[in-house]
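Asker: Each chain, letter by letter, is given below.
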Amino acid sequence: MMRSRARWATAGLAVTALTGLTACSSTGASAGPAEAEGPVTIEIWGWNAETGEQIVDAFNEAQDDVEVKYVLQASNVATQTNFQNAMEAGSGVPCLVQGFAPLTTMVVNGWAQDITEQVEGSADLYNEGALAAAQVDGRYYGLPSGSDGQFYIVNQKTFDKYDVEVPTTWDEFVDAGRELKPHGVDITNLAGEDPSSLMNLAQQAGAEWFAIDGDQWVVNFTDDGTLAAADVFQQLIDEDLVSNQTYMDKPALLKYFDSGKMASVTTQWWSLGGYQVGFTDSAGDWSAHPIPQFADAAAPVTPGRTAPSFVPEGCEEPDAVMAYTDWLTTPEAVEAGRNAETGAIGFPTQIQDPAPYVEEVIPKDFFADEKAAGEEIVAAQETVIGKFELGPNYDAWFPELQDQWGKAVAGKITLEEAMTAVEEFVASDLESKGISYTVAE
Amino acid sequence: MSDTTLVPDAAAVGETARKPGRRRRRADEYSSVAEARGASRWVVLGVLVALALYAVGPLWWLLVAVTKNQRELYTTNGLWFSQFNLWQNLGDLFTYQDGIFSRWLWNTVVYAGLGSLGLTLVALAAGYGIAKYRYRGRGLTMGLIIASFLIPGSLMVVPSFILFVNLGLYDTIWAMILPGMFGSFSVYLAKVYAEGAVPTELMEAARIDGAGEYRIFFSMGLRLLSTAGATIFLLHFVASWNTFMWPLVFLKGAEKWPVMLGMYSWLQRGTDSTVDLTSLVLTGSLISTIPMVVLMIAMQRYWRSGVTLGSLK
Amino acid sequence: MSVNTQDHHTTAREPVPGSPPGGRARSGSSPRGRTPLWNWRTAQSVKGASLTFPFLAGFALFVLVPVGMALRESVYTTKSTGGLGFGGQTVSFAGLDNFAAGLVDGSFWTGMLRVFLYALVVVPLTQVLSLALALLLDAARRRAAARFRIALLLPYMVPGVVGTMVWIFQYSPTVGPLTPFFEIFGLDVNFFSSSMVWVSMGNLAVWGSLGFTMLILYGALQSVPHEIFEAARLDGASELRIAWSIKVPFVRASLVLTSLLSIIGTLQLFDQPLLFRAVTPETITRDFTPAMMIYDQAFKVGNLNYATALSVILALVVGVASAIIYRFINREEP
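Residue numbers (full-length UniProt numbering), protein chains in the order written: chain A, 1 to 441; chain B, 1 to 313; chain C, 1 to 334.
The following block holds chain A by itself, in its conformation from the complex (with noise of 0.2 Å):
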C-alpha cells in the first residue's frame, strides 16, 4: 500500500496514455525548420520514433540552410505536458511541434505563432484540405497537414453470404444492418469510451459546433448536420444493430472483427497494418468502399480531421520551419520516411496527389482487390473535408462528450440529450473562462 502514494504521483500523466487508447486521429507530420542567412538550426518535438529521425537526417544532407534536430517525445500526451510546461516556464521552446491537440486551442492558449505569409509562399504544394486545416479565423497558424480521409472496409464474404448490398447511403446503411441482425451479424462497432465515430458523422453532414462571428464564438452542438448524424447512430443502438467492443480489449477486438460477425468498419490508410495482423480468418475477405453517404448530399464528401503541426510562439525561424515542411512533399522525404524494418511508407496525404504512394500502404493478402482499394483511398483522400472547428475550449469539453456518448452508446439517454448536455457544459466552461460566445438557436 505505501507504494500507492508514489504510485498515484505517477498516475497523474501516467494514466493518461491509457485514456489515448483510443486517440485515433492527430497523425500529423512532423514538421522542420528552414532558410535564413547561413545555416539555422531549428528544433522538433514530435513522436514519431520509427522515422522521425531519419527524416530531419535525410533533410540535413540535402541542403545547407537548414539544420534540424528532432527531439523525440514520448507519446502525444507527452508531447503536450512538455510543450506546455516550456511555455509555462518560458524557455526550451522549439521550432516546430507535431499536432497534438486541435489548432484553435493552440492559438487559444497563445501557442501557435501566424505563420500565413509564410504557408501562402508555396500554397500550391498541398491540397484543399491540407490548407483548410491550417487555419483558424481565415488566418494560417498551422502547417499544411493532410487530413486522413476515412473510408469503409466490409467483410464481402458476410455480405455475399446473407445476400445483403453493400450500402452506400447510411439510410441503406442502418437497413443493411436491419437484414444482418437476425443472422446475428452487427453492421459495424461502436466503441463507447469512442466518440470519434459521432463527430466524423457530424462533419460529414455539415455540422458546425463552433463558428466565429465577429468577436464571439457562436456555439451549437444541436443542428441540422448534428441532429442528422446523431438520428443514424440512434436508430443503430435504438435497434441494437452494432456491438459495443472497446478498443482496450485489443485481443477481442480484433478477433470479433475477424470473426464475420462484424459486416463493416469506417477507417482510414494507418489502421490497415495493424488489422492485417489481427485478423487470420478473414483475410481476403475484406473490400474497401467510399463512407456511405447522407441522401441529399450535394456531392461526396469524407470526413477526416488532423491536428496540424504547427510553429510556437517565439520561435524566430518560422521560414526555415517552412523550408523543412515544403520539402516533406517531395518524393525524397517520402522516401526517407521509409520504416527500414517494415518497409513501409507514410501515405503523404498533405501533397496535391498522393496516388503513386498508395500501393505502398495497402497490406498485402487483405483486400480481395488491392487495386480497387487502393483507387478507394485515393478518392476518400480527394473528397476530405478536412477543417472542423472544434472551438477555444476543446480539451475541456471532449471528456465531457466522451461521458455523453459513452451514456447514449449504453442506451441510457438519447443522443439528442447527450448532445444538449456537451452544449450546456461548452457554454459554462467558456463563461468561466471569460470568452464571449452565444448560443445558437
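No lab work stands behind these hints: they were computed from the structure.
None of the values given here were measured: they were computed from a predicted structure.
Note that the Cβ used here is the ideal one computed from N, Cα and C, for glycine as well.
Be aware that one or more of the hints could be misleading.
[Unchecked claim] Subject to a maximum C-alpha distance of 30 Å in a straight line, what follows is the list of computed DSSO-like cross-link-like pairs (lysine-lysine): (1) B:K252 / A:K69; (2) A:K371 / A:K433; (3) A:K412 / C:K79; (4) A:K261 / A:K161.
[Claimed, not checked] On the chain C side, residues computed to face chain A include the following (Cβ under 7 Å): (5) K79; (6) S80; (7) G83; (8) F86; (9) S172; (10) V175; (11) A278; (12) P281; (13) T285; (14) R286; (15) D296; (16) V301.
Fit chains B and C to the supplied structure of chain A, relying on the hints for placement.
Answerer: For chains B and C alone, coordinates are given in the frame of chain A:
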C-alpha cells in the same frame, strides 16, 4: 491520541542488526515448534498455494505471452504456449530503434541506484537525528513529514517543473536523482528503526570514549542501521525503477529515458500510429522486471523477516 | 495522524540525552539551571539536529517550495481576454473564491462519497487478507514460507503499467481465462460491465498491494516473542486462538499504519478508474473520483487555480479522515 509503541519489534530489529546470524537460528528453533501440525498444516499450505496462484497467475500469462509473436498473442490461448518465438522477440527488443532498450536499462540502473543510495544516506541521517536527539523543531520536523504524506501528487507537477527550469535541473540526470533523495516516508522509516536499533547506552559509551556525534553516527549508527538502510534502499529502488511520470515531464530526449518511460512510449505508439508494439512492450516489461527480482532475492536477508514500519506516534 | 506528535515522545522508554526526565525537550534551557545557555548537551543536540539538515534543505526545496507555489495558484483566477479567447489571459486575485466554489461543487463531493464507500470495502479487505497471509506464513514451515514470500511479493515488483495491461488481458470476456473459469461454476461474469467495474478495480488494487502489506505485517509478527506462544500452547490454547488473541494485538501498531497508508492511497484513487473509463464510460465519468476531477480541471479544462484549490480540499479531507480512523482503531488499547 494514544501511543501505540512498538517496543517488541523495535527491539527485534535492533537485535537483528547486531547479530543477524544468531537471531535467525533462534527464530528457526522457535518456529519449528510454533509451526502448524497435521491437518491444519495442509489447510495452511492449501490457502497459501491458492493465494500464491492468485499473485503469480497473471505473471504466468506474461511469461507465456513473451514467447509468442504478435499475431499469436492476439489469437491463441493466453495461458499456454504456441510457437516458441522468444528469441525472435528478444532480438527485436534489443535491436529496435538501434537498440535503445539497453540504453534505457542502463539509465534506469543509474537513476534508481544513485537516487536510492543518496536517499538512504539522507534518510538514515535524518531519521537517526530525529530519533536519538531532543532539540527544538524536532516536533515540527515530524509534523511536516507526516503532513507531507497527504499531498496529492498532481499538485506538484507544474510548480516543480517551473522550479527545475529555474534551478537548471530540467533535462539533466539530476532531475531524476535529486528530488527523490528527500522522501519523507523514508525518513519516517529510518526514525522508527533508529529508535529500536541504536541503543542510547552505546552512544553514551562512545561519547565517554571521546567520539564526536558525527563520528558516532558514521562509525556506529550507520552500521546498526544497515537493515533499515537496505529496506529504504530497496523500497525506493523499486519505486524509482517503475516510475515514468516524473521522467516524462522532466527529461526531453529519448536518450535519457528510463526503461518504464520507454515501455510507455512504445505502448502509446500502438494506439495512434501504424505500428503495434505490444509484443515488444511485453517482452521489455518482463526483461526489465528481472533485475528487480534478482535484487530482491539477493538482498533477501534484509527483508526475509519482513519490513518493520512501526507505528505513527 | 497529527502534527503535534512530539508531546508523546517523552513517554519513550529510555532517558533521552538533553531532556529532563518526563519533561519536554528543550535545547538550551534546562529546568535545573538556565545559566550555561550553551553547554555540551546543547552542543550535542545541535549536532544531532544538524544530521537532519540535508533532508530538511532538500525537503524545503523540492517539496515545500512547489507546494507554496501551488497554494499561491489557488487564490488566483485566470480569464481570457478578447472575445474569442485569442488575446491571451489575465490573472487576478480571487481570495478564497476557488475554495468556496469547491465546497459546494456537487460532482466533487459525489466523487468523494464514491471513493469513501469504495475505501470502506477495499481497505479492510486488503488488510484482512494481508494479515491472514502473514499469519499463515508465520504458521508454515520456514522453507515453504520463504518460497511463498517471494511468490507473493512478485506483484509488488511489477510496474503498475505492466500489471494493468496484464489484467486487462485476463479480464477480457472474449479471450481472457477468467470468464470461462467462472462459467465452470455456472456464473456469467463480465469484468468489463458497469456492475462489475468496482470489483475489477478493487481486485487490481488488492493484487498490487497484497504482498507488500503482508510483508510489513509479517515483519511485525516476527518480532512477537515466541515464548508467549509456548506458554499459551501449554495452557491448551488453539492455534486460531493464539493467532487472534496474541499475534493480532501485537501487530496492531503496524496494522494501523498500513491501514492509514491504504486509506490515503484509496481516497486519491486515480489510475484504476481512469483505466476502466475506456471500458465502461457510461459509469466512470471524467469526474468519477476527486483525483480524476482534479486532473480533469488541471490538464483538460485548464483551470489550474480551481484544480489546486480542490487538491487542498482533498488533502484536508484525507487528513481528517486519517486522524479519525487513527483514533478509532486506537481507542481500545490492549
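Asker: Was the hint right that S80 of chain C lines chain A, CB cutoff 7 Å?
Answerer: Holds. Min distance 5 Å.
Asker: Would the stated hint for V175 of chain C survive a check requiring a Cβ distance to chain A of less than 7 Å?
Answerer: The hint holds - V175 of chain C has a Cβ within 7 Å of chain A, the shortest such distance being about 4 Å.
Asker: Should the interface hint for V301 of chain C be scored as holding, given a Cβ-Cβ cut-off of 7 Å against chain A?
Answerer: Cβ of V301 of chain C sits 4 Å from chain A, so the hint holds.
Asker: Holds or violated: the hint that P281 of chain C contacts chain A, with Cβ atoms closer than 7 Å.
Answerer: holds, 3 Å
Asker: D296 of chain C was flagged as interface toward chain A. Is the shortest Cβ-Cβ separation under 7 Å?
Answerer: holds, 6 Å
Asker: For the restraint on S172 of chain C, tell me whether the closest CB of chain A is nearer than 7 Å.
Answerer: holds, 5 Å
Asker: Mind checking the alpha carbons of K252 of chain B and K69 of chain A for me, to see if they're no more than 30 Å apart?
Answerer: holds, 13 Å
Asker: Was the hint right that T285 of chain C lines chain A, CB cutoff 7 Å?
Answerer: Holds, because the Cβ-Cβ distance from T285 of chain C to chain A comes to roughly 4 Å (cut-off 7 Å).
Asker: Can the restraint linking K371 of chain A and K433 of chain A be considered satisfied, given a maximum Cα separation of 30 Å?
Answerer: violated, 51 Å
Asker: Holds or violated: K412 of chain A with K79 of chain C, Cα cutoff 30 Å?
Answerer: Status violated; Cα separation ~35 Å.
Asker: Please check whether K79 of chain C passes as an interface residue: C-beta within 7 Å of a C-beta belonging to chain A.
Answerer: It holds, given that the least Cβ distance between K79 of chain C and chain A is near 3 Å, below 7 Å.
Asker: Are the Cα atoms of K261 of chain A and K161 of chain A separated by 30 Å or less?
Answerer: Distance ~12 Å between K261 of chain A and K161 of chain A Cα, so the pair holds.
Violated hints, listed in ascending order, are 2, 3; each of the other numbered hints is respected by the structure.
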